[in-house]
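Asks: As you go down the protein sequences, you meet chains X and C in turn. Residue numbers are given in the working numbering: position 238 of the first sequence equals residue 238, and the series is strictly consecutive. Residue numbers are given in the working numbering: position 140 of the second sequence equals residue 140, and the series is strictly consecutive.
The hints are simulated quantities; they were obtained by calculation from the structure and are not laboratory data. Errors might be hidden in some of the hints.
With a Cα cut of at most 25 Å, we get these calculated SDA-like pairs of lysine to any residue [said to hold, decoys possible]:
no., chain 1, residue 1, chain 2, residue 2
1, C, LYS118, X, ASP323
2, X, LYS401, C, GLU153
3, C, LYS85, X, ALA277
4, X, LYS356, C, THR113
5, C, LYS116, X, GLU345
6, X, LYS279, C, MET1
7, C, LYS158, X, TYR393
8, C, LYS118, X, GLU255
9, C, LYS116, X, PHE295
10, X, LYS176, X, PRO198
11, C, LYS116, X, ALA277
12, X, LYS356, C, GLU45
13, C, LYS159, X, PRO198
Quick caveat: nothing in here was measured; it's all calculated off a predicted structure.
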Amino acid sequence: MISDEEDPLYSRPLISYYLAGELPEEKLYYRPPDFYERNRIEAYLGRRAVRVEPGANRVILDDGTELRYDRLLLATGASPVFPEIEGLDKRGVFGFRTLKDAKEMLAMLPEVRQAVVLGGGLVGLKAAVGLHARGVEVTVAVSSPHLLSQMVDAGAAQIYRELLEAHGIKVATGMKPAEILGDGKVEGVRMESGEELPAQLVVVGKGVRANMDLVKDTEVRCEWGVLIDEHCRTSVENIYAAGDVAQSYDVVRGERWTNALWPCAVEQGRIAALNMAGKEAVYQGSMGMNSIQFFDLPVISAGRAGLRERDFDEEIIRRPRKDVYKRLVLKGDRLVGFVLVGEVEQAGLLRSLIAKGVSVRELKDRLLEPGFSFAQLMPILEREREKFTEREYLELQEALKAVAMS
Amino acid sequence: MRIYCDLRRCLACGACELACAVEHSRSKDLFQAVLEGEEATARREVQPPPEPILSSPPIGGISLGCMHCDPAPCVDACITGAMHKEDGATIVDQEKCVGCWMCVMACPFGAITPSKLKVALKCDLCPDREGREGKARFACVEACPTGALIGGELEDFKKLLEEEVVLPIETYHHR
Numbered sequence: 001m002i003s004d005e006e007d008p009l010y011s012r013p014l015i016s017y018y019l020a021g022e023l024p025e026e027k028l029y030y031r032p033p034d035f036y037e038r039n040r041i042e043a044y045l046g047r048r049a050v051r052v053e054p055g056a057n058r059v060i061l062d063d064g065t066e067l068r069y070d071r072l073l074l075a076t077g078a079s080p081v082f083p084e085i086e087g088l089d090k091r092g093v094f095g096f097r098t099l100k101d102a103k104e105m106l107a108m109l110p111e112v113r114q115a116v117v118l119g120g121g122l123v124g125l126k127a128a129v130g131l132h133a134r135g136v137e138v139t140v141a142v143s144s145p146h147l148l149s150q151m152v153d154a155g156a157a158q159i160y161r162e163l164l165e166a167h168g169i170k171v172a173t174g175m176k177p178a179e180i181l182g183d184g185k186v187e188g189v190r191m192e193s194g195e196e197l198p199a200q201l202v203v204v205g206k207g208v209r210a211n212m213d214l215v216k217d218t219e220v221r222c223e224w225g226v227l228i229d230e231h232c233r234t235s236v237e238n239i240y241a242a243g244d245v246a247q248s249y250d251v252v253r254g255e256r257w258t259n260a261l262w263p264c265a266v267e268q269g270r271i272a273a274l275n276m277a278g279k280e281a282v283y284q285g286s287m288g289m290n291s292i293q294f295f296d297l298p299v300i301s302a303g304r305a306g307l308r309e310r311d312f313d314e315e316i317i318r319r320p321r322k323d324v325y326k327r328l329v330l331k332g333d334r335l336v337g338f339v340l341v342g343e344v345e346q347a348g349l350l351r352s353l354i355a356k357g358v359s360v361r362e363l364k365d366r367l368l369e370p371g372f373s374f375a376q377l378m379p380i381l382e383r384e385r386e387k388f389t390e391r392e393y394l395e396l397q398e399a400l401k402a403v404a405m406s
Numbered sequence: 001m002r003i004y005c006d007l008r009r010c011l012a013c014g015a016c017e018l019a020c021a022v023e024h025s026r027s028k029d030l031f032q033a034v035l036e037g038e039e040a041t042a043r044r045e046v047q048p049p050p051e052p053i054l055s056s057p058p059i060g061g062i063s064l065g066c067m068h069c070d071p072a073p074c075v076d077a078c079i080t081g082a083m084h085k086e087d088g089a090t091i092v093d094q095e096k097c098v099g100c101w102m103c104v105m106a107c108p109f110g111a112i113t114p115s116k117l118k119v120a121l122k123c124d125l126c127p128d129r130e131g132r133e134g135k136a137r138f139a140c141v142e143a144c145p146t147g148a149l150i151g152g153e154l155e156d157f158k159k160l161l162e163e164e165v166v167l168p169i170e171t172y173h174h175r
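Okay, chain C solo, but in the shape it has when bound (with noise of 0.2 Å):
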């Protein structure tokens, strides 16, 4: 289970970054989230596409996260036990976590952010929200204006790739 990003239709246009961020903070509300500054960090990142561009039609760009691995690399890298998995999510017990950084060294995307708070942030499949239903579940896939973004399992992407695109993205540049 986790969070697959549709590149027909990403524009990084940053408001899964901001949702992501916001509902990762202790008000929930993004005027107060601004306030606390360090706490309220997006466990996902939009990323402008690759220079030089694909071969294929180009993109918008990513939302990228947790991939939710499995076998894990940052959970073997743990020196706590504090990154584990479970049922499938890859989670880390903030309790537990030092900050040694060695999750941030296996993670082949980038997707953990070591935090000036001294642990590992990253993408947790949004424990609070447990038990919305459809894209209420996930803030990220609640917040994207295009739909690129789904959470659920690989066949549910796939159906979702099987979707014929209707409004053509026109690439831009962020810079």
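Only chain X is shown next, with the shape it has when bound in the complex (with noise of 0.2 Å):
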């Protein structure tokens, strides 16, 4: 195993409660210390591969090493994005993607008064929220017209934005970033409209590519991201892929799409070492999704459910409290997105209707009511059978079957 980070293996999302100061590194790991040795792994951390060659099996690290394979999982993940503006090379100016970016980041905070973020993403707001949880005061600068854009709808967004403004984070929406301006070191961050907003520390939470230079040029096809099929197995039969570099079929938007989301990324990661072990396992597919909460508010949401997405016939949104938002989005019969803020235990049901694809048309008029549980949909779960075929269903569809029986 081969990775450009010296860290032991620690769960990327939680470097947001790291910099916040909620968890100390100690709580960040992911498996314990002795993880590569108990599992015999050899692990070359902090070497970086430079180069894929498929046709020799190879590949290059970037001290020359030269490693040979019999099957190649490629899990690069994917780097910040950073707008193509002047001044990023000046001291202050960071993503936030890895733990060294949140320890280089606490590291500056005695120079630093005011923070801006760029982007109102998932990223950029757990990075105002970490940096006000440690004083400092900070504006989140988006181009959206509103925050989570990908992630909720103007709704659920106006929600958040009252609740981090409420908080004294400064949120400015329809703001793109035109010039990072200082001396070497942060000073500040010029708007496209002219507006200067003085920092010491700029984060840039602009979202993520795909690292792929690796097989740049190579038979490994890639668009956004290396394409994977249903076995995470790319154009070349002994090469995988998983995770945020790998481009496999979304099942609300029925074709290949990155969904650089943990979930995704450890199911792809498993399906892949299956395969590539010669046991048969099928990928059903990713779909956009992600659960996160800003001052204990949580929300959670899947398939469509952004601000930009068009592709819907219909929407059923229930606000039975301040607090509390709820928004079904469905295409012809079927559910196609949701958003579930304050109250999210149907989180996983709702998922479920997404992923299966199946006919909602009785029941969507109660899918956000009280009462709504997973027995209601046994009638689905009886009348599309074919489309639930993993074991739980089938042992389900046992103890229907008796009932028709008796």
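Can you join these two chains into the complex? Each is in its own frame, and there are hints to help.
Replies: Take a look at the structure:
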């Protein structure tokens, strides 16, 4: 296993908690320190793979080391995208992707009174909230008209804008950065509007791009990421890919898409590994989905939930209380997206309806009502049984069969 | 290994929910558990029968808890590694759990509760009852008045389903 990060195996999503001071470094690890040893994995940490030669079954590292393989897994992830503006090389400009990023930001804090976060997505907002928790005056500058525009719609976004502002985090929407100001060190950000925001630290949270360079101009086919099939295999027979670097079939969009999300990455990794080890496993596909909390207000969304989604027919929205917002997105008879703010217990059930692509025509008006439960889905389980092939559903079918026969 | 529910016998009476909550309280005593509030949360739920009624004879409801799936979508989704498989069971390490609710998002059965204590709560197969014999091994199984619940493997459930149900269940509505 080759990784350009030196840190022992840590959970990337947890760096937000580390930045905010909610978790110490020891609590970030995803596996125990002897994980590689115990599993007989030869780990090359702090070493970067720069080139793959599919014809020769060979990987070349940054120091020229050549490693041969029978099967290769590309899990090189993605890197933060930086806008094409002047001043990115000034001291105090960060992406927020690695534990190293978090540590370097924290190390700068004694010199930082104000910070500007560019980007209103999950990464940007987590950075903002973390810095705020450390006593920094934070302004989030978003180019979109709303926060979290990939994840939720305007209604949900407004709830979070008000929540952040109520806690003293400034939010400025419709703001595109033009230049990072300062003499060697960051002093501020100039927006396209001309407005200048003073800052001694800038965090860029404007999305990520798959790390595909090492297979550039090889037979491994890529678009936005490395293209994989239902076995997580690339266009080269003995090369697989998983995680943020991969572009897999998206069950909602019906085409291959990059869903750079932790649960998708882990599932793809597991399925790739099974296939690489000679045991067939099928990957059903990914979908956009996320679960996150800001100031203890949870939000879960999946599918076509974001601001710019247009490919739907119907929305059902409930706002039973100020901090509880629920939205369903339907296309024809199918659920294709949802947003849950405040009350998120039903997220898994709703997500399974999206994943299975079943008709919810009779159910849709009850999906957001209290009293909606798994039991309500059992007629669908019966009616569209060919879609529910997992062992746990089959066992339920046994129970239903017994009822029918009694 | 998990808890199965015989749908011919389930009345959705809720005894299993109550027993589960008591078992997972500090005191394991009903009256004290009530006073404890949030900590005594049931990890399974009785759910009334679906509408429209199934094409087979109507059912009284279902007692639903973690299916201890394999592979488990919640284990894949967990960002801390708190959710893991242990001898076939899916267990959440509450020390590691940070309450991100990725597992809640992943569970196709809605069997995970995002508790106010900021940890994921779900059926843990009653670890404090290990070593107890028969029905007493699981609080819900012990409490079920009709014998609808059984803890074990699929073969055990299939054997239960082969038994003729002596008392015909008449459905009734909760509301």
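Asks: Hint by hint, which ones does the structure fall short of?
Replies: Going through the list in order, the structure violates hints 8, 11 and 13 and respects the others.
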